[in-house]
Amino acid sequence: MGGGISGLSAGYYAAKRHPIRVYESSHRPGGVIGSIGVEGCVLETGPDSIAAGKPWGLELCRELGLEGDLVPSLPALRTLVFGQRGFYPVPEGFRALDPRAVLSLALGSALSFGGKLRALLDLFLPRGPAVDQTVARFVLRRWGGEVLERLVQPVLAGLWAADPERLSVVSTFPELLELEQRYRSILVGMIRQPRPARTSTPAFYTLRPGLAGLIDRLARALPRGSLRVRAPVSSVRPCPEGWRVAAGPLEEPAAGLILALPAPRSAELVEPFAPGLAVLLRSVPYRTVTTVNMVYAVDQVELPPGAAGLVVARSTGLELLAVTFCHRKYPGRAPLDRALLRCFTRGGGRSRADLVAQIARELGRLLRMRGEPLAVEVGSHPQAVPEYPVGHRERVQRLAEELRRWPGLRIIGNGLEGVDLSDCIRSARLAASSILDGDPGNLTPAGVSS
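Using my numbering, the first residue of the sequence shown is number 1, and each one after it goes up by one.
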């Protein structure tokens with residue numbers, strides 16, 4: 001059930017060994033993934049990248065014959081933060097927690113002198129308890145308020161529209177807790193990590209025609225007639241032969257089911273026969289996210305040199321969460337005389353016109369834009385991105401225990417085992433394999449870090 005990246009991937013892997021059917025309620029497969037050609041540019045209305053550090057997305061692209069369409073991000077470009085004091089770079093190695101980040105924090109401009117001293121206090125603090133807690137609480141305890149407000153909060157918002165006050169450190173950055181437990185000090189642990197080789201390895205990839213190219217290729221790889229669009233599933237129920245699936249006027253038998261839907265929608269389907277499972281699924285919170293793509297002539301914009309994009313600190317009060325300079329990040333994404341800016345925001349319930357006007361004003365403040373954009377494309381995705389709160393790992397474990405009562409049923413999607421595109425592909429592959437092999441389940445504790 002579900003024709004997004006999770007459902008299509010599960011169908012693709014399962015179809016290698018068994019007849020399948022994929023049901024999609026909308027007029028097209030792909031879910032939040034969408035690519036549009038405008039002004040010679042490729043605009044992504046949903047996700048725009050495949051993480052290089054997680055192999056499952058790239059492996060699937062190569063398996064589908066898309067290797068020639070993979071476009072790497074330019075590795076030399078940096079990410080900036082826009083805060084109350086203007087622009088400053090995210091310290092080198094900060095997101096990967098590698099040894100370079102310690103020196104970058106100490107010598108960089110992200111923190112004040114007092115903020116640096118507070119962060120260095122981590123060297124002397126005692127080891128904390130090995131329990132789940134919010135990312136904000138963990139960072140405040142170890143590194144202080146400036147690291148949280150000037151770095152962690154804007155980076156998390158720019159990646160997942162997430163608030164550190166709501167996110168579980170165990171389910172999003174388990175390596176932080178692991179470093180503390182092993183070394184007592186996070187900074188000591190970072191210093192003792194193997195120093196990564198200075199290579200030109202890209203952090204991300206995209207596809208030349210856009211990520212919708214992956215959706216198109218997956219859909220074509222399914223057996224003829226197995227993908228049904230405009231086919232909302234109204235109910236599923238267990239029966240002696242397996243399962244019955246009601247979609248429109250038809251009710252069809254199935255040996256097994258994979259629900260690749262937002263967790264609340266999966267909860268609606270399982271409620272009649274598994275109310276305990278439904279309660280767990282409904283407890284996964286989701287956020288609405290919106291992308292606003294704007295195309296300008298290159299002489300209309302003044303972008304910071306050497307940057308692929310920026311994230312915005314909450315303290316600025318701006319609607320923007322992040323801006324990607326797509327024409328810089330990915331070669332060939334736009335003609336040489338065009339600048340393609342992909343803006344990321346929660347949307348805030350505004351009308352399309354009001355949102356576009358607000359984003360244009362904020363871009364003018366940040367990047368000294370001149371004139372109107374040549375093209376604008378808005379992609380709004382209500383309740384599309386989950387947040388993993390404290391206790392999420394235990395929730396996933398309880399879900400796995402509940403699912404053992406229902407052989408032939410699997411539940412996947414970004415609400416459980418990782419929000420990244422590659423995480424969704426991984427869980428789809430595991431679900432297809434386990435259901436065909438008759439394993440009791442496939443859920444593993446979630447984590448969105450790479």
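None of these hints come from the bench; they were simulated from the model. Note that CB positions come from ideal geometry on N, CA and C, so glycine has one too. Be aware that one or more of the hints could be misleading.
Unchecked claim - Beta-carbon label-pair distances, calculated as ranges:
| hint | residue 1 | residue 2 | range |
| --- | --- | --- | --- |
| 1 | G128 | P19 | 27 to 37 Å |
| 2 | P275 | G65 | 15 to 25 Å |
| 3 | R368 | R237 | 24 to 34 Å |
| 4 | P275 | G145 | 35 to 45 Å |
| 5 | P382 | G408 | 42 to 52 Å |
| 6 | G349 | P223 | 21 to 31 Å |
| 7 | A130 | V298 | 47 to 57 Å |
Hint by hint, here is what the structure shows:
Separated by about 52 Å at the C-beta atoms, G128 and P19 break the suggested range of 27 to 37 Å. The given range of 15 to 25 Å is broken by P275 and G65, whose C-beta atoms sit roughly 44 Å from each other. Checked against the given bound of 24 to 34 Å, the beta carbons of R368 and R237, roughly 60 Å apart, lie outside it. Separation of P275 from G145 is about 43 Å and conforms to the stated range, judged on CB atoms against 35 to 45 Å.
Between P382 and G408, the C-beta spacing of about 31 Å breaks the proposed range 42 to 52 Å. Between G349 and P223 the beta carbons are some 42 Å apart, a value that contradicts the proposed interval 21 to 31 Å. At roughly 51 Å, the beta-carbon separation of A130 and V298 lies within the given 47 to 57 Å, and the hint holds.
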